[in-house]
Amino acid sequence: ETGVTQTPRHLVMGMTNKKSLKCEQHLGHNAMYWYKQSAKKPLELMFVYNFKEQTENNSVPSRFSPECPNSSHLFLHLHTLQPEDSALYLCASSQDKSVGTSDTDTQYFGPGTRLTVL
Amino acid sequence: GIQVEQSPPDLILQEGANSTLRCNFSDSVNNLQWFHQNPWGQLINLFYIPSGTKQNGRLSATTVATERYSLLYISSSQTTDSGVYFCAVKETSGSRLTFGEGTQLTVNP
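Going down the list, the protein sequences come from chains A and B.
Per my numbering, the first sequence starts with residue 725, numbered consecutively.
Per my numbering, the second sequence starts with residue 8, numbered consecutively.
Only chain A is shown next, with the shape it has when bound in the complex:
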């Protein structure tokens, strides 16, 4: 199993649909992240979870709702999205340097979900 997996890889949805993106990390990390990458733009941080607790919400609209049931799983629930929300959504995980024996907080990324909102 690769380090960070995401499903689905591609998603097309209408503006009235409700869907969820799933991320799973197999690296034993304690922090997980959602990023959004729009066309021709750098990655934008959306949410950060540390030990299942949300520690950052980067002014993300409420139509994006994250959920972190445990340190290995992260979801992004989507509802009433807009066409401008079409983007590549990337999940990442890392180990907090202050916990355990890790001396780096390298972030590892999943393959992403390419979302199209019609």
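Listed next, the stretches of chain B that the computed footprint assigns to chain A, with coverage defined by at least 3 CB atoms under 8 Å from CB atoms of chain A: (1) 37-49; (2) 98-104; (3) 107-113.
From chain B, some residues computed to sit far from chain A (all C-beta separations above 12 Å): (4) Leu18; (5) Ser26; (6) Thr27.
Worth flagging that the hints you see were computed from the coordinates, not collected in a lab.
All C-beta atoms in this analysis are idealised placements derived from N, C-alpha and C, irrespective of residue type, glycine included.
Assemble the complex: chain A is given as a structure, and chain B must be docked to it using the hints.
Coordinates of chain B only, in the frame set by chain A:
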């Protein structure tokens, strides 16, 4: 927040050529990563290098933290090196990675 500038924004090379990509940042950092994003969107870790020099095959990276820049060297480039190269940093006083806008590299056969 911290500013991250990458240069050049676009680079076109012939296979076999060498190149240097640059990342400048505006504040002290305790995390700096270089990534390669392939055409399918996957971000591949290249280096974790908040300071010093590292090498991995044809790639090497150097970060001079006191002067707030990092360099990524690609030698004997191959067509599979094409894609976008991102630098990302975390400032010493912060908790999030901030990404640069990337360098789009195209290696022609």
